[in-house]
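S.K.: Produce the complete structure using the sequences and hints provided.
For the record, the sequence lines run as chains A and B. Per my numbering, the very first residue in the first sequence carries number 12; after that it's consecutive. Per my numbering, the very first residue in the second sequence carries number 19; after that it's consecutive.
Keep in mind that the hints are not guaranteed to be accurate.
Quick look at which bits of chain B chain A covers, simulated, 3 or more residues with Cβ under 8 Å [what the hints assert, rightly or not]:
| no. | stretch |
| --- | --- |
| 1 | 64-76 |
| 2 | 87-98 |
| 3 | 105-114 |
Computed Cβ-Cβ distance ranges for the label pairs, DEER-style [unchecked claim]:
| no. | chain 1 | residue 1 | chain 2 | residue 2 | range |
| --- | --- | --- | --- | --- | --- |
| 4 | B | 152 | A | 20 | 21 to 27 Å |
| 5 | B | 130 | A | 144 | 38 to 44 Å |
| 6 | A | 172 | B | 76 | 25 to 31 Å |
| 7 | A | 27 | B | 141 | 42 to 48 Å |
| 8 | B | 76 | A | 126 | 28 to 34 Å |
| 9 | A | 218 | B | 57 | 50 to 56 Å |
| 10 | A | 207 | B | 125 | 42 to 48 Å |
| 11 | A | 30 | B | 85 | 39 to 45 Å |
| 12 | B | 226 | A | 219 | 14 to 20 Å |
| 13 | B | 37 | A | 101 | 33 to 39 Å |
A partial selection of chain A residues facing chain B, derived with a Cβ cut-off under 8 Å [claimed, not checked]:
| no. | residue |
| --- | --- |
| 14 | 13 |
| 15 | 14 |
| 16 | 25 |
| 17 | 28 |
| 18 | 30 |
| 19 | 88 |
| 20 | 89 |
| 21 | 90 |
| 22 | 93 |
| 23 | 94 |
| 24 | 96 |
| 25 | 100 |
| 26 | 137 |
| 27 | 139 |
| 28 | 140 |
These are computed hints drawn from the structure, not numbers from a lab. Glycine residues also receive a C-beta, built at the ideal position from the N, C-alpha and C atoms.
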Amino acid sequence: MAGFVAVLRKDLRLEVRSGESTIALVALSLLILVVLVFALDPVGGVRDAGTAAGALWVALIFAGMIGSNRALLAERDNGCIRALILSPLDRGALYLAKLVAAFIFMAVAEGAAVVLMVLFFNLNFDARLLRLAPVIALGALGFSALSTLLAAISGRIRAGDLLLPLLAVPMFVPALIAGVKASGAALTGAHFGEIAQWLKILIAFDVIFLTTGYLLFEHVVGED
Amino acid sequence: MDAALIEARGLDKTFGSVPILRGVNLAVPASTAAMVVGRNGAGKSTLVRILAGLSEPTAGEALLFGLPSRTLAADVRRRLSIVTHQSFLYPNLTARENLEFYARLYGVADARSEISRWIERIGLAAAADARVRTFSRGMEQRLTLARALLTGPAVLLMDEPFAALDAEGVAMVASILREAIARGCAVVLTAHQPLAIDGLRFAGYEIARGRMLALTGDSGSEPERAQQAG
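M.R.: Below is the structure:
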């Protein structure tokens, strides 16, 4: 537990000091939403909640890939990842620390993206946004879990930056569909039962991604 | 003979079709040090990485504390430290913050005073709260050594630890190494050429064409081959 706290604390301290990941994530989310809001704006000017949900999740996916990559990239500078591998730190704890760091970076970016989505898509700041919170949180958790594992693999190989989206996006598609549907339902004020059926799918994929990541991280990060 | 804390048994390492190490054997008991010399590309760094468990040999076995180095348990890894060409330091953290991070990872007792003691020892007291990215190569190397020694290792693997150090830095490292060996640490260090360091005796080896050859006598007692470090 002490190792987990040490790595997470160090990652957050580095991020607070540089702001590199958060600024990039928020800027990317802004860019994606701006592009989509104009690209999807039909002639009549109607912007529905379903479209807004889709745009939000596109921003979430791309921001998530940057967040996970950054969390592990810092460890590749000066070979710090090797020091972590040789330290008494359990590699599962290292995975969880990196995952939580990526999740926090994503959560900050998504908070900003939700505000931008409401503004750009002419939605209201009301209680429906609270129902969106668990959907976004589960999506960010699942994507952080998956992309942290995949970033550990892609960071070790040439052109790994290209490999990460090629691996992460297709694997996340089932959860992505559930997330978009749940977000759309939350934003349109649908009955909670309708949201819940998609939340169950998101939770199932979160469990799969977390378990797989925890068990496999040791093997993908330790080889040289 | 005492049991070896660091041991290589018939290590082979091949990159593609190029053999780097061929049948390398080495045994370093507690309170002793081995110096492995060789030209650039001879395989010194590869040997250190294999001994540390960071790289898998093509054949043979690397053991630390009598256990395969690739699968050491956490409480055994706690007693191992390594110095390589990479500093393992975070450029955007200060010297003190870097040491605090590693102290937490290794559960160093009385970390605050230990860190202050090491910062004094390596002569970086004035730069303790400066970010590492502002350090010269020599300052970074000193901090790297403090990072490695702070945790009180029983096994110390050092790949060219004297690189980038001035004469004062070399003397400081020599003094730190003497203390570590005196308290039971087993040390393997690499260098381009045999080094003579006051008060330190090494079992000397040379890697040439992938093979490890024992140098005559201890490298510290071989004045005709030795060169003063730095």
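S.K.: Hint compliance check: list the failing hint numbers for this structure, sorted ascending.
M.R.: 7, 8, 12, 18, 26, 27 and 28
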